[in-house]
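Undergrad: So you can see what is in the structure, the chains are spelled out below.
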Amino acid sequence: MKYLFLIFSFFSLTSCMSIEPWVSPYERDALADPIMTFSRTPVDGAYMNHVRQSREGARGAEGNTGGGCGCN
Amino acid sequence: MQKEIPEAAVVATKPIKNQPAIHTLASKVVLTLVFILMILAEPGLAKVLPEDRVDVLYHSYSGGGITINGPSILVRKAYKDKISIWGNYYADMISGASIDVQANASKYTETRTEFSLGADYLVDRTLLGIGFTRSTEDDYDANTINASVSQDFFGDLTTLSFGYAYGDDEVRRNGDDEFSDQATHQSYHIEISQILSKNWVFNLSYEAIADEGFLNNPYRSIRFLDDSVAQGFSYQTEIYPRTRTSDAVAARTMYYLPYRAALRGEYRNYSDSWGIKAQNIEISYTHPWRERWVFDFNFRIYDQTSADFYADIFPFQNAQNFLARDKELASYDNISVGLGISYQFNKQPFLIFSSGTINLNIDYLQFQYEDFSNVLKGQALGSEPLYELDVVVTRAFISLFF
Numbered sequence: 001m002k003y004l005f006l007i008f009s010f011f012s013l014t015s016c017m018s019i020e021p022w023v024s025p026y027e028r029d030a031l032a033d034p035i036m037t038f039s040r041t042p043v044d045g046a047y048m049n050h051v052r053q054s055r056e057g058a059r060g061a062e063g064n065t066g067g068g069c070g071c072n
Numbered sequence: 001m002q003k004e005i006p007e008a009a010v011v012a013t014k015p016i017k018n019q020p021a022i023h024t025l026a027s028k029v030v031l032t033l034v035f036i037l038m039i040l041a042e043p044g045l046a047k048v049l050p051e052d053r054v055d056v057l058y059h060s061y062s063g064g065g066i067t068i069n070g071p072s073i074l075v076r077k078a079y080k081d082k083i084s085i086w087g088n089y090y091a092d093m094i095s096g097a098s099i100d101v102q103a104n105a106s107k108y109t110e111t112r113t114e115f116s117l118g119a120d121y122l123v124d125r126t127l128l129g130i131g132f133t134r135s136t137e138d139d140y141d142a143n144t145i146n147a148s149v150s151q152d153f154f155g156d157l158t159t160l161s162f163g164y165a166y167g168d169d170e171v172r173r174n175g176d177d178e179f180s181d182q183a184t185h186q187s188y189h190i191e192i193s194q195i196l197s198k199n200w201v202f203n204l205s206y207e208a209i210a211d212e213g214f215l216n217n218p219y220r221s222i223r224f225l226d227d228s229v230a231q232g233f234s235y236q237t238e239i240y241p242r243t244r245t246s247d248a249v250a251a252r253t254m255y256y257l258p259y260r261a262a263l264r265g266e267y268r269n270y271s272d273s274w275g276i277k278a279q280n281i282e283i284s285y286t287h288p289w290r291e292r293w294v295f296d297f298n299f300r301i302y303d304q305t306s307a308d309f310y311a312d313i314f315p316f317q318n319a320q321n322f323l324a325r326d327k328e329l330a331s332y333d334n335i336s337v338g339l340g341i342s343y344q345f346n347k348q349p350f351l352i353f354s355s356g357t358i359n360l361n362i363d364y365l366q367f368q369y370e371d372f373s374n375v376l377k378g379q380a381l382g383s384e385p386l387y388e389l390d391v392v393v394t395r396a397f398i399s400l401f402f
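Listed in order, the protein sequences are those of chains S and W. Heads up: the first sequence at position 37 corresponds to 37 in our numbering, and the numbers run straight through without jumps. Heads up: the second sequence at position 175 corresponds to 175 in our numbering, and the numbers run straight through without jumps.
If we strip away everything but chain W, and leave its shape as in the complex, we get:
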């Protein structure tokens, strides 16, 4: 049923950008790059396939009332140095409830499983990749296909890559058999890597993503001022635009230090048609120690502005045509620090493997929200503290190389 919205309340959001325009531009860019690759393709030194390996990882996320654990297993193996097949199994076992759920729903447990299968095919200095991923949950199914091309140029000092992905999702809502909707996602990705010196590499990456369909979380709500209830506000379901386009550009660089260590830097700038602007900076340092140990340290800062249709509290029900109080669309920043330890446990071949490492990585993330109140503190409307979130992310994994 069409909801009646007061004319004066129809919002104040920036117009959503024309989605076909980004498709057209990105398609032209991709087609042009294909043409460039065809012209530049010439016999020469061979590119190599990705390394054959098996990774068995267990991950744990803890913070904000939620715990998420699960495995991820990757197997990649090449045949005749021409084609490399890979498969990945991944699972999230979620328990608890975030602040959004605690405010107006009950705790839950849920499992998401994801299977991916793909292949990379090597033709001289060109690497062609295809892949398929299927993710399933009680209330969400997603299928994604992707393809990529990567080629080396100029004495293998330059690598140009581009990729395309298409995703088709089905969204449902537990406890509401009548609700079902669709969402599609398209991604165009272009990347260039350049060797600048014998110790220094640089990478520039651009990705445009276009979404269409049901894009919000069907369980989340916004709140609006309501004098008729004691707490002073009531909740209504979020309403998001049905299209979203985004652009992200990232520059990365890596430098090899004289005493065998690596320094890495990254800057990414992001903007989208919902009005979110974000940027992040990351610095990493990798330090091998003796023959078998490698230590990684990283520090990252992320900052974003809120979506045009986001508000911590709206003045009345249906105050705008689009309404959001999803904290991921709020204004906030986060700081993360990470430590990784890797130990090569066997330098001699064993079983069918040539070597292996055992690894432990831990990241601590701290989020500071600027316009998302913590309604769980029980304080009066208007004096609620801003929400803060601390998260610890742990990964333990073994990597085996054929």
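So that you can see chain S by itself, here it is in the shape it has in the complex:
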């Protein structure tokens, strides 16, 4: 629990500070390119996760979760 308190304290303190973004919005054209998406094809990504979960003992943290059906 003390680690959670430290994390909480860190975020509380940093929330009071003004952090200058080191990548400005106008510099994010490369990041906004669709090819820079971890899951560019959500239906296909969810399906491949299903295939791997069926054949492998490991599960979780697949990176296709959030928003419900693993769609985004």
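There could be a bad hint or two in this list.
Claimed, not checked - Partial list, computed: chain W residues near chain S (C-beta under 8 Å):
| no. | residue |
| --- | --- |
| 1 | 72 |
| 2 | 155 |
| 3 | 157 |
| 4 | 203 |
| 5 | 246 |
| 6 | 252 |
| 7 | 302 |
Worth flagging that the hints you see were computed from the coordinates, not collected in a lab. Glycine included, C-beta positions come from ideal geometry on N, C-alpha and C.
Chain S is already provided as a structure; the job is to place chain W on it using the hints.
TA: Here is chain W on its own, set in the frame of chain S:
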């Protein structure tokens, strides 16, 4: 009826971890993060809803004596830039029989259908998501609800997300009307994404899953040495623990190359209370070509150790309190290579859509088992070769964007 198990044979498995402990820890982590999100929530640049789209996919899995085909259709549409509703229909039409079934049962056909419905609600820089999924088969029904929260911080360079899912399953066995059991699943998921530079992003993800109830496949069996039969072994039904907890941590990164291409890497580490330890590494490369084509290449290696209560063959019947010979719980590794081709077929708006792509993805997976013998080869006990599995997974789909 309580089965009598010889005291000396009660196993040698590591103690199953205390399931409530993971619930408590994960709950504390989630509650703390909720608190952090509340403190950090401040007016600023708006987060955006997921893209409006329709995807129509047909999938095909072929390998190990099994063929699985079916469609998946996703529709997602936003209203007033505040809420995005999505629905997904998915089906698996299964025919054939895996090595587990061929060894002591007959081939079968089966269909699994799955309906999902959900919504994402945007409040300033916070995205709230809820969803419900129902999956049905002849012998298995599953209902899952989930919720997630995602928020951007620090000039939108950092995104923190967490989610929770609860699943309630009913397990049956075809041909045995008296068998019915339950299983529940809880999942806690935390993820942080960080923009490191104008070309580089990093993502760290953790997920804890806790299961309780009937967790094994009711058709699968273990084998044990038996001198009274000609082949030298007999079969008995698997017995799994009724709880399982797991932890998975994954780190992903993506880099934009100067000539418009993307390089992606992933490492995941996994362990669970059944004694399975696994890790995988994946490298992907995305290369657009001319205006309309995008090519994807990926290479993945997966490796896992066996569960504590797994054995290819047990010394006698009821040799342990828990018994498994499910190949998914064996020691093995697999290597997969994948190729994807995408073509944007219309850059001008048409009908109600603004653009669309047609896609074909093919993956080849090769599994090498280290302690799972191929009993179908007909060789004498002890000289059976280890099982190998080659799988081809094909997906053809159209994506349309509003």
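Undergrad: Each hint: holds or not?
TA: Right, here's what the structure says about each hint:
{"no.": "1", "hint": "72", "verdict": "holds (5 Å)"}
{"no.": "2", "hint": "155", "verdict": "holds (3 Å)"}
{"no.": "3", "hint": "157", "verdict": "holds (5 Å)"}
{"no.": "4", "hint": "203", "verdict": "holds (6 Å)"}
{"no.": "5", "hint": "246", "verdict": "holds (6 Å)"}
{"no.": "6", "hint": "252", "verdict": "holds (6 Å)"}
{"no.": "7", "hint": "302", "verdict": "holds (6 Å)"}
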